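K.L.:
Read top to bottom, the protein sequences are chains A and B. The numbering of the first sequence is the numbering used here, which starts it at 510 and goes up by one. The numbering of the second sequence is the numbering used here, which starts it at 510 and goes up by one.
Just so you know, the hints here were simulated from the structure itself, not pulled from any lab data. These numbers were taken from a predicted model, which means no experiment stands behind them. Among these hints, one or two may not hold up.
Intra- or inter-copy, both count: the list cannot distinguish identical chains.
[As the list claims (entries may be wrong)] In silico lysine-lysine, DSBU-like type, Cα no more than 35 angstroms apart, as pairs:
hint : residue 1 : residue 2
1    : Lys528    : Lys655
2    : Lys859    : Lys511
3    : Lys516    : Lys635
4    : Lys635    : Lys836
5    : Lys516    : Lys859
6    : Lys697    : Lys528
Residues per chain, in single letters:
Protein chains: 2
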Amino acid sequence: MKIEELKTPAFLIDLPRLKANVQMMKARAQKNSVTLRPHVKTHKTVEIAKMQTSAEAPGITVSTLAEARFYQKAGFNDITYAFPITANKLSEAAGLNADLQVFNILLDQPQTQSAVEAYGRQHGIKFNVFLKVDCGYHRAGVDPSKPESVQFAHRLAASGFIVFKGILTHAGHSYHCSNPAEIVAVAKQERDLMAQFADRLQENGIACESISVGSTPTAMHAPDWQGVTEIRPGNYVFFDKFQADIGSCRRQEVAATVLTTVVAHYPAHNQMLIDAGALALSKDLGADHLGREIVFGTVRNHPQLRIFSISQEHGLITANDPLAFEKHPVGSLLRIIPNHSCLTAALFPKYHVVDEDQVVDEWTPMRGW
Amino acid sequence: MKIEELKTPAFLIDLPRLKANVQMMKARAQKNSVTLRPHVKTHKTVEIAKMQTSAEAPGITVSTLAEARFYQKAGFNDITYAFPITANKLSEAAGLNADLQVFNILLDQPQTQSAVEAYGRQHGIKFNVFLKVDCGYHRAGVDPSKPESVQFAHRLAASGFIVFKGILTHAGHSYHCSNPAEIVAVAKQERDLMAQFADRLQENGIACESISVGSTPTAMHAPDWQGVTEIRPGNYVFFDKFQADIGSCRRQEVAATVLTTVVAHYPAHNQMLIDAGALALSKDLGADHLGREIVFGTVRNHPQLRIFSISQEHGLITANDPLAFEKHPVGSLLRIIPNHSCLTAALFPKYHVVDEDQVVDEWTPMRGW
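Bound conformation, chain A alone (with noise of 0.2 angstroms):
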């Protein structure tokens, strides 16, 4: 089949983008000998994990205890649940720690850790727990600097219903840079605070098996991963233009858009209408901090075309000239390159893969909690 065959509006991969994304991390991660555990929601699908995966890095990072299921189910055998847990998510947990190889939880958060041992007592388990830390996102995570996070450390460690793997980060704060040269800074503060933090955990007699970081703009700046072991980049397999607008990579290194129709012209208002709205983009505002206009995607190969406005199943496209429309006549089809590719993938419930105009896979990605 190829593309302009296909119902829009539609979730597009490019397969040889993807695949040369999914190498070039691996190929990062080999070249400074830490290990790559990718974090697999922005796509959520088996066929991609796999690709991302190998027998020597199995692993993977997960955004919910579905998603572990899913990928437990599919054959995987090794996963990082990365949010922290609390106690109403025990009794999922305890399922997917007897179905799973190694599967690891988060905590920073003293009184869930009692939860989790009064847990593992009573059912006579111990989950694999790492450390939470907040290395300047200030989203999640203890603070490193202070005294009450080695304690905690100390205290995970010494538990006897728990078996302490580390600790583990994410850059969020990358997300806020503006060119490469900030990313590299926020990448040599998550590289530093986590080798100094661990460091600082051995001097006190507790050893990390792991100490994790990961964000796709600090994997793809980060010098080198000195006092690391492991990256958790998960954004990386498609990109977007939040990435490409941060200069984490360039734009043709994209490899998901959505493919929509331009439905009607309005010359008066200098307007089209697509059939991509809210539901087909998300209404992530990208790289807003940047100060540029917002726009909910761009167009591929017509940068000038700007989506200014969504609404459930309406997008609305202008331009600051008057719009070319018979370049873009009504019935034709546009691609456009999604703000936030995690969120917009998530919209979709499958994906179509593509190399040139051919339509060459259908995957289905898993949703929900």
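Chain A is fixed; fit chain B onto it per the hints.
P.N.:
Chain B alone, transformed into the frame defined by chain A:
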């Protein structure tokens, strides 16, 4: 099952509230002698669509052809596809036309009319067509003040390959209002422009079987619908923070909430982490035109809590004053009134129907295109 036993995040529908909203709009339509053809894109379930319709008013409005097929299979027989058709969707539309008693499509582009007629001629079918009218929203539709719009209607009515049904508009600019008085003004504009355009068509010998308007704000505040035959509100079944903020409904009328768990406390940053992020709430900014601080929903019964940041699975709450952490212990539950219930609902594979603290049912919405 009790609400507190649900996995989080979960999408909750308050059943008594939903029923009250459904009845309220039925009563408004009946009192004003207009047909209610609810837009089901808000919920995309069979259960709610059945509540909204009746033997006397069996018609529904959908936003995608996949929705139309879903409802056809569920026994619905009278459907308006309220998005301008394009040539590449005609074959699928023809299948629906064959399987439904009534199937209406929208046109506002002369070249698409030609495609519809050519398709009809070739396949021996006549589509029911509404002329889509722009009543001031400027998203889609023809300008009713222009002579060429009358000519367009004339060509539709005169076509041997089309059944001209009438005119249809959506006063989406009611979502730019700040208060009920402004909504009343938009509702009058929507009503009057359509009634006048229908009169003008009548003077030109063009009869409109249906004069269709609709948006939840205008449906809530129209003083009457003189000259209108049909209304198509959708959001009113759930309402949301947006509707409450612009005065389209009262806060206590909102029937949809997202259940979330308090995952962590970060007193150093006056923050709490919850497990409802962008995939549970959507990144809709709500009524940002009101100039208030941007939040991603409001916590029911705790208006002082501000959901100021969301990423894929993480939500962050703060407050202007120091957070009362002791009131919201780690592991406790919160219910979030979403900014935009249509986009939020679309993110959930299933809805949990609740009455007081009991989960009384589970409904599965359709999705995709």
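K.L.:
Each hint needs a verdict: does it hold in this structure or not?
P.N.:
Hint by hint, here is what the structure shows:
no.: 1; hint: Lys528 - Lys655; result: neither (42 angstroms within a copy, 53 angstroms between copies)
no.: 2; hint: Lys859 - Lys511; result: both (16 angstroms within a copy, 33 angstroms between copies)
no.: 3; hint: Lys516 - Lys635; result: between (49 angstroms within a copy, 22 angstroms between copies)
no.: 4; hint: Lys635 - Lys836; result: between (63 angstroms within a copy, 31 angstroms between copies)
no.: 5; hint: Lys516 - Lys859; result: both (12 angstroms within a copy, 25 angstroms between copies)
no.: 6; hint: Lys697 - Lys528; result: within (28 angstroms within a copy, 56 angstroms between copies)
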